[in-house]
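K.L.:
Let the hints inform the model, and build the full structure from the sequences given.
For the record, the sequence lines run as chains Z and E.
Counting in my numbering, the first sequence tops out at residue 356, every number present.
Counting in my numbering, the second sequence tops out at residue 356, every number present.
For the record, the hints were derived by calculation from the structure and aren't laboratory data.
Pulled from the structure, derived: some chain Z residues nowhere near chain E, Cβ distances all over 12 angstroms:
id: 1; residue: K256
id: 2; residue: T280
id: 3; residue: A281
id: 4; residue: Q282
Computed footprint of chain Z on chain E; a stretch qualifies when at least three of its residues, placed anywhere within it, have a C-beta under 8 angstroms from a C-beta of chain Z:
id: 5; stretch: 31–43
id: 6; stretch: 171–177
Beta carbons are placed, not taken as given, at the ideal position from N, Cα and C, and that holds for glycine.
There are 2 protein chains.
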Amino acid sequence: MVASRIRKEVDEALYAFVDRQRPLLDAVSGDLAPMLAALDSLLSGGKRLRPEFCYWGWRGSGGEDRPELFTAAASLELLQAGALIHDDVMDGSDTRRGQPAAHRRFEGLHAESGWRGSAEAFGAGAAILLGDVCLTWCDEMFQGSGLPDEALRRGRPIFDLMRTEVMCGQYLDMRGQARGPLAGHAMVEEALRIVRFKSAKYTIERPLQLGAALAGSESVAELSAYGMPLGIAFQLRDDVLGVFGDPAQTGKPAGDDLREGKRTVLVALTLERATTAQAQTVETLLGDPALDLDGVETLRSIIVATGALDACEKMIDGYTADAEAALAAAPLGAEGREALSGLTVVATARTV
Amino acid sequence: MVASRIRKEVDEALYAFVDRQRPLLDAVSGDLAPMLAALDSLLSGGKRLRPEFCYWGWRGSGGEDRPELFTAAASLELLQAGALIHDDVMDGSDTRRGQPAAHRRFEGLHAESGWRGSAEAFGAGAAILLGDVCLTWCDEMFQGSGLPDEALRRGRPIFDLMRTEVMCGQYLDMRGQARGPLAGHAMVEEALRIVRFKSAKYTIERPLQLGAALAGSESVAELSAYGMPLGIAFQLRDDVLGVFGDPAQTGKPAGDDLREGKRTVLVALTLERATTAQAQTVETLLGDPALDLDGVETLRSIIVATGALDACEKMIDGYTADAEAALAAAPLGAEGREALSGLTVVATARTV
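P.N.:
Below, the structure is given as structure tokens:
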């Protein structure tokens with residue numbers, strides 16, 4: 005099945021689930037409409053990468069196309085939605101997928117309505133609750149997918165692990181940012197460790213394994229050899245795009261990761277290689293919420309001049325090559341291997 | 005089975021689940037220890053009311069005592085933990101169950117460790133993530149309870165509905181506080197509507213129905229006639245204790261609900277009956293974070309003088325009587341009816 009067709013099936017399953025919840029919320033109160041509107045807006049974007057890897061884990065392990073699998077796979081988009089909504093509250097991000105972040109939408113509702121108290125606190129509170137709704141709907145959708153009980157029971161340990169891992173990875177990331185940079189190469193190692201738990205497992209390894217486990221694969225663990233390096237390459241690419249990407253494609257303002265002060269592998273590579281003067285400039289500008297385009301350009305030029313961008317691209321190439329080699333030997337059918345080879349390119353492409 | 009024995013079984017199931025997660029987090033990183041410590045602290049308190057109602061829904065519908073049921077029932081404590089942690093972030097509460105609120109614990113960790121950036125933002129972020137972990141563990145624990153698939157399938161719609169309802173009720177509550185008071189009796193009606201969705205269903209009606217559904221009851225819907233009025237009486241009692249309760253018993257500083265500015269039914273009844281001068285005093289003091297004991301006493305005396313406390317006590321008596329009458333006719337065995345009669349007293353008692 006081609007990617008566009010998978011995406012269509014995933015979207016249909018996702019929207020069908022949300023549409024079934026709509027009357028339930030309407031029955032409670034019409035005042036809940038902004039919750040659904042914020043969710044609709046968020047779900048209209050996104051690349052559906054996790055469901056797609058889940059699908060190919062299933063298909064590559066001999067599973068037949070069936071609507072129940074698309075429903076189970078699409079449930080991962082609700083986990084991702086909940087994680088993004090909460091992430092944006094924590095980071096104070098303004099935009100997500102080219103739209104205002106959920107908490108900013110609710111802030112706007114508060115301001116427009118002329119309500120009392122802090123619009124910011126209302127926005128954050130409403131977004132925390134919407135994220136909570138997404139997290140519980142994720143599991144409601146997965147468990148209610150209609151897949152046979154024995155399939156769900158096989159998938160559950162991975163489904164559960166994935167959710168705990170992404171939240172723990174997020175905590176470790178936040179803790180690392182708060183603790184401040186380590187010296188030299190230890191900083192790169194630490195950033196890579198967080199990438200493993202927060203992104204690589206969550207985005208690629210676990211979804212792929214989930215699909216395989218649902219299909220009854222006996223070789224679930226072996227898929228890590230492909231999923232983990234590709235997941236790292238994917239996140240490193242995302243970090244590069246967060247600094248150098250085209251806002252029209254990333255859905256985020258130019259250099260937004262720099263403004264948020266994200267201590268990515270790319271930043272760690274930069275600081276590892278920087279002169280004292282360069283390092284001081286990075287530490288001054290990185291994480292400045294008022295960072296303008298000149299400041300973004302200054303940081304970009306240091307990232308390039310130190311050789312960090314080249315080093316990061318080399319790492320991406322290396323992890324991608326590891327993933328491709330592992331894929332060739334992976335316990336997956338020929339069709340699955342071919343499709344995943346295409347996805348490997350998509351996940352690590354220089355444009356999104 | 006007596007209440008203390010049920011509580012013991014519920015506690016054992018709860019701690020056994022958390023203990024099984026512990027090595028998983030340790031394996032990711034020792035830096036996750038504060039997450040588990042904050043959860044342990046929160047779970048050491050609480051009355052386990054929801055699991056107890058779930059147990060009696062099961063037992064009253066002919067279910068036999070079995071460890072799997074205690075596990076499924078105890079999972080509701082993780083939902084409650086997640087809701088409380090997020091609620092405390094949203095309300096900026098300092099304490100919970102006599103301990104520092106989770107976000108304050110993480111704030112303290114940040115400050116003690118001498119980390120960079122805002123301790124407050126770190127505290128809120130870590131607590132959002134810990135609440136997310138609790139929400140996903142709730143469903144992991146419920147689904148992994150070991151109850152037969154057909155029992156879980158019967159319980160699922162109520163389990164799912166309950167989770168969506170509590171989050172939506174929370175949103176409506178927050179929205180109501182932001183929009184500001186309605187005039188006269190409409191304010192009381194509005195506060196009662198939120199009590200129904202946010203508390204009554206979530207604390208009593210749904211847990212009871214969940215137990216009954218798991219046991220295969222054909223009369224799940226009929227349990228609302230008991231669960232809903234008792235749930236309302238329970239929340240009204242909680243509101244009274246939030247203003248007049250003994251801090252040693254409530255685990256919250258005296259008058260904390262007043263300091264947080266909660267627009268409870270009790271407050272609505274007060275404003276409905278207040279003179280212009282009294283209403284002005286209430287509007288000035290209510291929600292003042294720096295409200296001292298004198299201010300608390302002033303508000304208490306207005307709540308008493310307007311007759312709002314008496315009116316609230318009458319409502320509690322009325323809803324409790326409705327619940328007792330419904331219980332006598334409820335589709336539950338004699339043992340279940342007797343136990344729930346005792347729980348009715350506990351849930352609405354003037355001391356906690």
